[in-house]
Amino acid sequence: MRDVSVIGIGITKFGELWDKSLRELGLETGLAAISDAGITSKDIDALYIGNMAAGSTLQQEHVSALIADYCGLTNQNVPATRVEAASASGGLAIRQAYMAIAGGFIDVAVVGGAEKMTDVSDSESSYTVSMGSDEQWESQAGATFASLHAMIAQSHMDEFGTSREELSAVSEKNHYHASLNPMAQFQFQVSGEAVSNSGIVSSPLRMLDCAPNSDGAAAVVLCATDKAKKFKKKAIRIIGSGQASDTLSLHHRKYLNRLPAIGIAARRAFKSCGKKTKDLDLIEVHDNFTISEIIALEEIGIFKRGKAASMGLKGETRLGGKIAVNTSGGLKARGHAPGATGIAQVVEIVQQLRGEAGERQIKDAKIGLAENHGGTAATAVVHILEAD
Amino acid sequence: MSVPRFWRELDSRYNLVGSHCKITNTYHYPKRSFNPEAGRDSIGNMEDYQFKGNGKVINSTVVHQAQTGYEMFGPYCIAIIELEEGPRITSQVVDCDPEIVKPGMKVKSVFRKLGEDSESGILHYGTKFIPDEVLQTENDEDDDIADVEL
Numbered sequence: 562m563r564d565v566s567v568i569g570i571g572i573t574k575f576g577e578l579w580d581k582s583l584r585e586l587g588l589e590t591g592l593a594a595i596s597d598a599g600i601t602s603k604d605i606d607a608l609y610i611g612n613m614a615a616g617s618t619l620q621q622e623h624v625s626a627l628i629a630d631y632c633g634l635t636n637q638n639v640p641a642t643r644v645e646a647a648s649a650s651g652g653l654a655i656r657q658a659y660m661a662i663a664g665g666f667i668d669v670a671v672v673g674g675a676e677k678m679t680d681v682s683d684s685e686s687s688y689t690v691s692m693g694s695d696e697q698w699e700s701q702a703g704a705t706f707a708s709l710h711a712m713i714a715q716s717h718m719d720e721f722g723t724s725r726e727e728l729s730a731v732s733e734k735n736h737y738h739a740s741l742n743p744m745a746q747f748q749f750q751v752s753g754e755a756v757s758n759s760g761i762v763s764s765p766l767r768m769l770d771c772a773p774n775s776d777g778a779a780a781v782v783l784c785a786t787d788k789a790k791k792f793k794k795k796a797i798r799i800i801g802s803g804q805a806s807d808t809l810s811l812h813h814r815k816y817l818n819r820l821p822a823i824g825i826a827a828r829r830a831f832k833s834c835g836k837k838t839k840d841l842d843l844i845e846v847h848d849n850f851t852i853s854e855i856i857a858l859e860e861i862g863i864f865k866r867g868k869a870a871s872m873g874l875k876g877e878t879r880l881g882g883k884i885a886v887n888t889s890g891g892l893k894a895r896g897h898a899p900g901a902t903g904i905a906q907v908v909e910i911v912q913q914l915r916g917e918a919g920e921r922q923i924k925d926a927k928i929g930l931a932e933n934h935g936g937t938a939a940t941a942v943v944h945i946l947e948a949d
Numbered sequence: 009m010s011v012p013r014f015w016r017e018l019d020s021r022y023n024l025v026g027s028h029c030k031i032t033n034t035y036h037y038p039k040r041s042f043n044p045e046a047g048r049d050s051i052g053n054m055e056d057y058q059f060k061g062n063g064k065v066i067n068s069t070v071v072h073q074a075q076t077g078y079e080m081f082g083p084y085c086i087a088i089i090e091l092e093e094g095p096r097i098t099s100q101v102v103d104c105d106p107e108i109v110k111p112g113m114k115v116k117s118v119f120r121k122l123g124e125d126s127e128s129g130i131l132h133y134g135t136k137f138i139p140d141e142v143l144q145t146e147n148d149e150d151d152d153i154a155d156v157e158l
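Order-wise, the sequence lines are chains R and E. Here the first sequence is numbered in the working numbering, starting from 562 and rising by one per residue. Here the second sequence is numbered in the working numbering, starting from 9 and rising by one per residue.
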């Protein structure tokens, strides 16, 4: 197996981007990543596209060919593949490219994620997101995506005493981080109190516990490490990659307050590089709801089960704390454009490891982890990156 | 939703029919022709089983921002219910204040309208649950009425 490095990154601002189409977002972010990597289109062996919902929101499937076409890659007939695993589509697209390069099939791949969630009404985009859980036996019974996470949160509160204040601290911290990120959807702070007093979506979860459904795109250029020097002086190596699946329905799991696929994917990623949680300088986790960040940190093993929430409230997951979590602002405040989210996480890690994260830079960051999941973590994918 | 997609599942939805695995002696909902725990041995050994409809709430939430098609119910209770035979199901708990639903509460299945595709579209029916304590009260009331009529 060959080592694989990230040699280029690109990201658009996340938000309600009504003046931009999916293909324009794909082009903008792809060009940025290619320019950053210092490659030309002739160097690209393959294109992987993370996209969850173009069929539902835009009535457009086959977006791999669409993006390849509008990025000028069909001149060379570059193979383009769409990867879909609900909100884990982006992270999984990176993993497909990683495996193709590590396996020696190709040398250079562009991985792009793009999503348009705001061309449709709020109720349509919410229904689209709930398609990541079991449409037939959860959504059709009246369960919203938020309501499933509400039961996850309630179960966590019942067993571990997790409080309203601790949930709010996750959102407050991620908004603070986003206030330092020029690409974030919500570049402003909110108080924990404001989170606790926001409207109820599905008890106990409130409006400011929930990530938005955003438009946005992100891209990375992956390259075989031994060929990376040719293009980029400062390449960031992907040292670990892991993936796991779980039952599609939440009700088929033994514990409602755990998301075991995350932990299994993380252990697989750690095993592939021999690193441990204490080696990490930063983490991006999939905080589609505040409770998800808390459970992800417990599953990855950063904190003991039942302890992550109180550690967050103490400031341990904040910039400057024990371990910085979601310095991008996370899904909550950077924004959540499903197919792009997993790639945006890796873009953040690479910026931090290169020392290019501006006001939110973690001093001397060497190793970072990105955790991306789909549905109620029926798919989880984890990548660990290291600055050489 | 397409008619065949709903129609295919009518037995599971209307009559709470699932599967009993003869290999592991376990119950499954909805119907499965394959039991992941028993693997290939289970094929041909899954028989239809109609659940009695008795269960208890594992956890629940009061949904304020309703699922598409459920707007007329809001705020409503969604719960994960464990049937006495073992399997769990996501369903609405109805005929009560949604706030009173708590883990451990005993519930019983009922046949109810789930929603409709549009004003002229097909109606969907399926299973929902009612707390035993509410059913008890309703039965008592029925008895009262019966007394009067006699």
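What the hints contain is simulated information worked out from the structure, not anything from laboratory work. There may be inaccurate statements among the hints.
Said to hold, decoys possible - On the chain R side, residues computed to face chain E include the following (Cβ under 7 Å):
id : residue
1  : Tyr688
2  : Glu699
3  : Ala702
4  : Gly703
5  : Ala704
6  : Thr705
7  : Met712
8  : Ser757
9  : Asn758
10 : Ser759
11 : Ile761
12 : Ser763
13 : Ser764
14 : Leu817
Unchecked claim - Quick list of the computed label-pair ranges, beta carbon to beta carbon:
id : chain 1 : residue 1 : chain 2 : residue 2 : range
15 : E       : Met80     : R       : Gln620    : 26 to 34 Å
16 : R       : Ser682    : E       : Asn62     : 27 to 35 Å
17 : E       : Gly94     : R       : Lys927    : 46 to 54 Å
18 : E       : Glu124    : R       : Glu577    : 55 to 63 Å
19 : E       : Ile130    : R       : Lys832    : 45 to 53 Å
20 : E       : Thr34     : R       : Asp580    : 15 to 23 Å
From the three backbone atoms N, C-alpha and C, an ideal C-beta is built for every residue, glycine too.
- Any hints this thing doesn't respect? Which numbers, in order? Numbers 8, 9, 10, 16, 18 and 20 - these are the hints that the structure violates, sorted from lowest upward.
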